[in-house]
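Using full-length UniProt numbering, read the sequence shown as starting at 1 and increasing by one per residue.
Check the hints yourself; a few may be wrong.
Using 20 Å as the maximum straight-line C-alpha spacing, the simulated EDC-like pairs for lysine to aspartate or glutamate come out as follows [claimed, not checked]:
id	residue 1	residue 2
1	Lys232	Glu217
2	Lys155	Glu84
3	Lys122	Asp187
4	Lys122	Glu142
5	Lys232	Asp250
6	Lys279	Glu240
7	Lys232	Glu244
8	Lys122	Asp47
Beta-carbon label-pair distances, calculated as ranges [what the hints assert, rightly or not]:
id	residue 1	residue 2	range
9	Tyr195	Ala51	32 to 40 Å
10	Glu253	Gly128	41 to 49 Å
11	Glu189	Asp13	22 to 30 Å
Source of the hints: derived by calculation from the structure; they are not laboratory data. This structure is a prediction, so every number in the text was calculated from the model and none was measured. Cβ coordinates follow ideal geometry from the N, Cα and C atoms, glycine included.
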Amino acid sequence: MEHLAFLSATPPDAVLSRFEVCSTQDLDEARRWGERIFCQNRLRRLDARGAVDTRIYYRRLGAIGIGRMSYGGDITIEPGVMEEFALIQMPIRGQEMIEYGNHRVHSTPRLGSILNTHSPYKIHHCLGTEKLIIRVDRSLLERHCQQHLGRTLRKEIEFQPEMPLDSRQGQSWMRMVGWIYDSLSVDEELPPLLYAQYESMLVNMLLACQPHTYSAELFEDEKTSIAPAFVKRVERFIEEHAHEPITIVDMAEHVGVSSRSLFTGFRRFRITSPMLHLKEVRLRSVNEELKRQGPGTTTVTAVAFRWGFSHLGHFTTDYKRRFGESPSETLAR
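I would like the entire structure built from these sequences, with the hints used as guidance.
Here you go:
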């Protein structure tokens, strides 16, 4: 059986194991849980004699939610209109047949799907299918897209429903998804600093990797130049607010330009990106704090977490590459 290519330390069929919200063999209870997380829906068992064993694992962070689920049977789902969110579905194994209007998507571990139009859907969830799901509030998508464009949207953003997961863009998306699922499978509270980072990372990657209403406009070459003083204002903003949960949208709003202009300015004048510059400032801040502290007064984990680094393995690698020693060696000196 074909399986999803998932770059994560945690296997895809084990992510979010600590966040089980539903385990039932009752179809009505499964429907009620689907309505709590998503929207009104109708479930129908295609095999009247077949068993249903629904399992849902789900974690909500701000305007996004990530999950893993299976209905454990041959089921049709008819969700209500998805007015307030987009739903991304990536089968770990098995397949789903998705119909809306005159469109039909055969979703497999190689082809995910995005449900985001106001048309009614019908989903055939085949026996043996399990999938990863990501819910993104429409307001978050629109806010980021508007900020990147530097204007309000003339019409609602709609994504191409087919999402190839083995293309170059799909592989980039899956690397990010694997990291997010791996990080959020740990049952611990996250500081507010990280909530906005996860939201921004996921939405920006989605806008970059998946064709949508504004793709052509969003990624056309920038034709206007940007003054170095503008870049310096953003650098000062980052220095002053690096300890806060700032995103690319916050930076752009602070100086009154589009996110696209901000990316272009940093690429032309600093040969980097705003978020990489923020990461550099935070790494430097961790280094300075570890030097001020002594062994026994704090831990590397506490300092890294305070500055927005949630994945200690990645943090340690970046830190050592930047400063030539591990963070624990800095603290011990």
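Against the structure, the hints:
1. The suggested pairing of Lys232 with Glu217 is violated, with an alpha-carbon distance near 27 Å, which exceeds 20 Å.
2. Straight-line distance between C-alpha atoms of Lys155 and Glu84 comes to about 15 Å, which keeps the hinted pair within the 20 Å bound.
3. The suggested pairing of Lys122 with Asp187 is violated, with an alpha-carbon distance near 34 Å, which exceeds 20 Å.
4. Proposed proximity of Lys122 and Glu142 is contradicted: the alpha carbons are some 26 Å apart, above 20 Å.
5. Taken as a hint, the Lys232 and Asp250 pair is honoured in the structure, with Cα atoms around 15 Å apart against an allowance of 20 Å.
6. With a C-alpha separation of about 14 Å, the suggested pair Lys279 and Glu240 falls inside the 20 Å cut-off, and the hint holds.
7. For the proposed pair Lys232 and Glu244, the alpha carbon gap of about 19 Å is at most 20 Å, so the pair holds.
8. In summary, the hint linking Lys122 to Asp47 is supported, as the alpha carbons are separated by about 17 Å, within the 20 Å threshold.
9. The hinted window of 32 to 40 Å between Tyr195 and Ala51 holds, with their beta carbons roughly 39 Å apart.
10. In this structure the supplied range 41 to 49 Å holds for Glu253 paired with Gly128, their Cβ-Cβ distance being about 46 Å.
11. In this structure the hint that Glu189 and Asp13 lie 22 to 30 Å apart at CB holds, the actual value being about 25 Å.
In the structure shown, a violation is registered for the earlier hints numbered 1, 3 and 4, in ascending order.
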